[in-house]
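Build the full structure now, drawing on both the sequences and the hints.
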Amino acid sequence: MANKSKSKGRANNEINASSMADIAFLLLIFFLVTTTIVEDKGITVKLPPWSEEEPDITQLKTRNVYSVLVNAQNQLLVRNQPMSIRDLRKNAVEFISNPYGREDYAEKPTKAIIMLKNDRGTNYKTYLEVYNELKGAYNDLWNEASMKKYGVPYDEDKLPLAYRKAIKAEIPMVLSEAEPTAFGEEK
Amino acid sequence: MSKFAKKRGKADPNISTASLPDIIFMLLFFFMVVTKMRDSELKLTIITPFASELTKLEEKSLVATIYVGRPIEKYRPIYGTKPQIQLNDKFAKVGQEEADIRYFMESFRTKVPESRRPQITTSLRVDGNVTMGIVADVKTALRKSGQLKVNYSAKRRPDATL
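For the protein sequence lines, the chains are A and B, in the order given. Take the first sequence: its position 74, counting from 1, is numbered 74 in my numbering, and each next residue is one higher. Take the second sequence: its position 158, counting from 1, is numbered 158 in my numbering, and each next residue is one higher.
Calculated directly from the structure, the hints in this document are not laboratory data. Glycine included, every Cβ here is placed at the ideal spot set by N, Cα and C. Do not rely on the hints blindly, as some may be mistaken.
Said to hold, decoys possible - Cut-off 25 Å, straight-line C-alpha distance, at most; resulting in silico cross-link-like pairs (DSS-like, lysine-lysine): (1) B/K111 - B/K56; (2) A/K125 - B/K43; (3) B/K155 - A/K117; (4) B/K74 - A/K46.
What the hints assert, rightly or not - Label-pair restraints from in silico Cβ distances: (5) B/I78 - A/T34: 21 to 29 Å; (6) B/T110 - A/K149: 39 to 47 Å; (7) A/F183 - B/L27: 50 to 58 Å.
Below you can see the structure in the form of structure tokens.
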């Protein structure tokens, strides 16, 4: 009896935790391998709701319409003038804000409308670049307006919603996309 | 002199590893939280184009991804090199892409609580080298299914300052 109780007292009553680290390592490596840290970033777009009828654009004044055509050879035609993508942003900013009050540019930013049309054979890369420049033009304008009004740069996350709304009411982004024409479709 | 020798002999030379599991668990939890399970195998080669005016997609559970690109080499004997649309782990059937996309969006919507459904974004991961035709078809299908919030996936241009 005495012998038994002695052995009980001697027994190490802690669980051996040295393998815990190995188990945790195993799990860690499993998660490292099976998971991906992909930061999904991109250009956010709001598509127009679907309707069977083509929108009527005949009542728009030509001076307010900024038409951008991208053909199947990835060339740009802006208001019937060929243009390179590099000049697009500056030109669009000038068109929308019309700082010198030109007769053929938008009456005021609220009336400006951008019309984007492409062929089915247009490269997606080119299309996105053009879209990026047009969005960039508006971002530049919003930034400018925000700096002037509130003294802070325009930022989707940091600027209060009311401020953003005020700026967007002043310079709304109106970008209409026409159905692509069927040129240059891949067979 | 003998005092020192005695002390040295008694000291435990092992570093305590008792806190090691805790450290590893901390790392483990970090990775479990920040990462997302790869839910489908990508069967297309997709190199997204560069852009500068980017928005981050915040909540992964509200993002449905549609892939468009050319099949990887393994699938070329079956599908050829024409651009394909991948939904989850299948290609959309040629000729009924629209129905497939609508079904895909509909089944994604049912997984999201009703109050959050308007915040669902569709991320279009499209290869830079496909033509707009297939992208336009996807866009039309999305518009018809009432999914209007779309994000064109792109990488930050290396020279961009913002």
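Going through the hints against the structure:
no. : hint                        : verdict
1   : B/K111 - B/K56              : holds, 22 Å
2   : A/K125 - B/K43              : holds, 20 Å
3   : B/K155 - A/K117             : holds, 24 Å
4   : B/K74 - A/K46               : violated, 35 Å
5   : B/I78 - A/T34: 21 to 29 Å   : holds, 27 Å
6   : B/T110 - A/K149: 39 to 47 Å : holds, 44 Å
7   : A/F183 - B/L27: 50 to 58 Å  : holds, 54 Å
Comparing the model with each earlier hint shows a violation of hint 4 alone; every other hint is respected.
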